[in-house]
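Build out the structure end to end from the sequences listed, making use of the hints.
Note that the protein sequences, when read in sequence, are chains A and B.
My numbering puts the first sequence at residues 88 to 437.
My numbering puts the second sequence at residues 88 to 437.
These are calculated hints, taken from the structure and not from any lab test.
Hints should not be assumed to be uniformly reliable.
For chains that are exact copies, the list does not tell them apart, and a pair is met inside one copy or across any two.
DMTMM-like cross-link-like pairs, simulated, lysine to aspartate or glutamate; straight-line CA separation at most 25 angstroms [to be verified]:
(1) Lys258 <-> Glu184
(2) Lys307 <-> Glu184
(3) Lys113 <-> Glu287
(4) Lys315 <-> Asp337
(5) Lys315 <-> Glu184
(6) Lys299 <-> Asp209
(7) Lys188 <-> Glu287
(8) Lys384 <-> Glu184
Here's the letter readout for the chains.
There are 2 protein chains.
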Amino acid sequence: MKAKSFAAPSSKKPLEYYEFERREPKSTDVEIDIHYCGVCHSDIHTAKGEWGEVAYPCVPGHEIVGIVTRVGKSVKHFKPGDRVGVGCMVGSCGTCEACKKGYENSCFNETVWTYSSKDPVDGTDTKGGYSTLIVVPEHFVLHLPKSLDMAQAAPLLCAGITTYSPLRHWKIGKNMKVGIIGLGGLGHMGVKYAKKMGAEVWVITSSKAKEKAAKAYGAKGIIVSTSKEDLARAAHTFDFLLDTIPSGHDVTPYLSLLNVHGTLCLVGPIEPMPGFHSGMVINGQKSIAGSGIGGIKETQEMLDYSAKYNILPEIEVIQIQDINKAWDALIGKKMSKRYVIDMKKSFPQK
Amino acid sequence: MKAKSFAAPSSKKPLEYYEFERREPKSTDVEIDIHYCGVCHSDIHTAKGEWGEVAYPCVPGHEIVGIVTRVGKSVKHFKPGDRVGVGCMVGSCGTCEACKKGYENSCFNETVWTYSSKDPVDGTDTKGGYSTLIVVPEHFVLHLPKSLDMAQAAPLLCAGITTYSPLRHWKIGKNMKVGIIGLGGLGHMGVKYAKKMGAEVWVITSSKAKEKAAKAYGAKGIIVSTSKEDLARAAHTFDFLLDTIPSGHDVTPYLSLLNVHGTLCLVGPIEPMPGFHSGMVINGQKSIAGSGIGGIKETQEMLDYSAKYNILPEIEVIQIQDINKAWDALIGKKMSKRYVIDMKKSFPQK
Numbered sequence: 088m089k090a091k092s093f094a095a096p097s098s099k100k101p102l103e104y105y106e107f108e109r110r111e112p113k114s115t116d117v118e119i120d121i122h123y124c125g126v127c128h129s130d131i132h133t134a135k136g137e138w139g140e141v142a143y144p145c146v147p148g149h150e151i152v153g154i155v156t157r158v159g160k161s162v163k164h165f166k167p168g169d170r171v172g173v174g175c176m177v178g179s180c181g182t183c184e185a186c187k188k189g190y191e192n193s194c195f196n197e198t199v200w201t202y203s204s205k206d207p208v209d210g211t212d213t214k215g216g217y218s219t220l221i222v223v224p225e226h227f228v229l230h231l232p233k234s235l236d237m238a239q240a241a242p243l244l245c246a247g248i249t250t251y252s253p254l255r256h257w258k259i260g261k262n263m264k265v266g267i268i269g270l271g272g273l274g275h276m277g278v279k280y281a282k283k284m285g286a287e288v289w290v291i292t293s294s295k296a297k298e299k300a301a302k303a304y305g306a307k308g309i310i311v312s313t314s315k316e317d318l319a320r321a322a323h324t325f326d327f328l329l330d331t332i333p334s335g336h337d338v339t340p341y342l343s344l345l346n347v348h349g350t351l352c353l354v355g356p357i358e359p360m361p362g363f364h365s366g367m368v369i370n371g372q373k374s375i376a377g378s379g380i381g382g383i384k385e386t387q388e389m390l391d392y393s394a395k396y397n398i399l400p401e402i403e404v405i406q407i408q409d410i411n412k413a414w415d416a417l418i419g420k421k422m423s424k425r426y427v428i429d430m431k432k433s434f435p436q437k
Numbered sequence: 088m089k090a091k092s093f094a095a096p097s098s099k100k101p102l103e104y105y106e107f108e109r110r111e112p113k114s115t116d117v118e119i120d121i122h123y124c125g126v127c128h129s130d131i132h133t134a135k136g137e138w139g140e141v142a143y144p145c146v147p148g149h150e151i152v153g154i155v156t157r158v159g160k161s162v163k164h165f166k167p168g169d170r171v172g173v174g175c176m177v178g179s180c181g182t183c184e185a186c187k188k189g190y191e192n193s194c195f196n197e198t199v200w201t202y203s204s205k206d207p208v209d210g211t212d213t214k215g216g217y218s219t220l221i222v223v224p225e226h227f228v229l230h231l232p233k234s235l236d237m238a239q240a241a242p243l244l245c246a247g248i249t250t251y252s253p254l255r256h257w258k259i260g261k262n263m264k265v266g267i268i269g270l271g272g273l274g275h276m277g278v279k280y281a282k283k284m285g286a287e288v289w290v291i292t293s294s295k296a297k298e299k300a301a302k303a304y305g306a307k308g309i310i311v312s313t314s315k316e317d318l319a320r321a322a323h324t325f326d327f328l329l330d331t332i333p334s335g336h337d338v339t340p341y342l343s344l345l346n347v348h349g350t351l352c353l354v355g356p357i358e359p360m361p362g363f364h365s366g367m368v369i370n371g372q373k374s375i376a377g378s379g380i381g382g383i384k385e386t387q388e389m390l391d392y393s394a395k396y397n398i399l400p401e402i403e404v405i406q407i408q409d410i411n412k413a414w415d416a417l418i419g420k421k422m423s424k425r426y427v428i429d430m431k432k433s434f435p436q437k
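Below is the structure:
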């Protein structure tokens, strides 16, 4: 089936219209008519070749929501008409210890990412959700709970799970003080989840102007990261810091905010992170941790949790023809909501 | 009381004999006749000014074992004749949250280190255990269990607690695979504790020659850190790595050994640690943690545990007149046991 898409023809050029063939669903595949796709900063990093070489044209997009159109004959859990989601990955070895435990995102052999990854099923480079159609192995398709709005659900597949998973793993709950560093697409979801889990939540940001939004999402207040007074006042008080900064930065001032046994968790793939004085973690038995999206089982749990508690991202719906402008806004840090592409409006059917 | 000591007269000069006055015990103080003092690499770093400015003459030594000679009138838990130990600290604020929870080593105000720290009790610079006498507030004095040999017990006060505390905090036990990076004064204690706690222990070292010693201490084997084959074979298999390397180093090859949710724990105050790709912790939800000695309560627990299970360091007893030679051997990495100064033999009583 032909899929209408927008793709980067090279690392330097803007995205443009592109048509390509999706494979016929194999026995374990699910074919999805894409309705919405969120726009993630990773799309830009990848398409611009900032995370290593990729094959062009590159079709980004890994916050995909749509309706099942066809399923392979072995598919058990999906049928045409089902509302579904696809996140950052569409394959993994399935046999390593990580996969067996449900951490397909940390597959010891190699996770197959939703775009610009080598697909072992058909040998092509995977192509993402800036497109009208996608074919994905059943194991990597998520059920969209009934109450979730399709457009708002899209960013949950990356921004949602990326913040939900570490908050769960480090057992965020009552009597904990949690800081969310950065209030963008990830950060605002982190605030909402951490608040719902019972923690006292603060936003740590360089921008005083974000105080109102932070509080609206559930934060008790903000700590201005450039203010020595703010940092000193909050020293040694945080149990957990979710660090959503998407580029290299010195973690020293943030580590000083941690209480004994506190953890700062990075969620962005950043190369390189600058060095640090080990005394910043030795003193107080602290940790600099990392977390990247989450496994399939946990992603489904996150979708169900988000539906149950109505935790949804702030979004702005766009048409795909505006994608290059949207990317410029993201690069210029002019956007703290999540852009979501409306594929049906972008490519109206005749 | 006059204390015979060896001290560094400056950052450049060898240690030499020096006599100085210890304060009369205040009401909460314990006066200790020092019998043994272990030699720690931190002594060298501090005396040579590598960890910041210090006042000279600097009397190092924070692995102190001796006999109580006098106690202040409010002292409750010690009496003359008691066998005791003093570790890396002799004071802390006592009122912050860290102190109240028993983490005096992470005092939010300032831990008073056993040497080259400002002593709030009398305003002097603290002087350590390369000496015949020390006066220490009761709270920072440890009981030496009966069965512990005094000379062998000395290094427990730093090397022992530094390895015991993180292994306890990260709940090392059965069905866990633990790697000890480096097999020096700290590393060999780490192997013994981790083994006793029930883990499968491996030593990760650049030196193939340490295999025999590693196994003798309880390791299942070694992984040669410079061997790509060794590293590849052990990839993704460790739950916990205790990193005892005392200087800046790239943790990337070690992080690749960690299983999902694994932790690498630094125990050396290293400035700076080189930067890293956050992908090394994001992929697998891993942590780079730190741990520095331990609180007083846990140090007592470690002494009791070491006595109960007869876990003791490998030592070589020297006289203090040989201290400069011993330091040279440590600097040249020619010593994997722990030097312990015999103070009684060094300064025989007439």
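Consistency of the hints with the structure:
| no. | hint | in the structure |
| --- | --- | --- |
| 1 | Lys258 <-> Glu184 | both (23 angstroms within a copy, 21 angstroms between copies) |
| 2 | Lys307 <-> Glu184 | between (40 angstroms within a copy, 22 angstroms between copies) |
| 3 | Lys113 <-> Glu287 | neither (48 angstroms within a copy, 44 angstroms between copies) |
| 4 | Lys315 <-> Asp337 | within (15 angstroms within a copy, 31 angstroms between copies) |
| 5 | Lys315 <-> Glu184 | between (45 angstroms within a copy, 22 angstroms between copies) |
| 6 | Lys299 <-> Asp209 | neither (49 angstroms within a copy, 50 angstroms between copies) |
| 7 | Lys188 <-> Glu287 | between (31 angstroms within a copy, 21 angstroms between copies) |
| 8 | Lys384 <-> Glu184 | within (15 angstroms within a copy, 38 angstroms between copies) |
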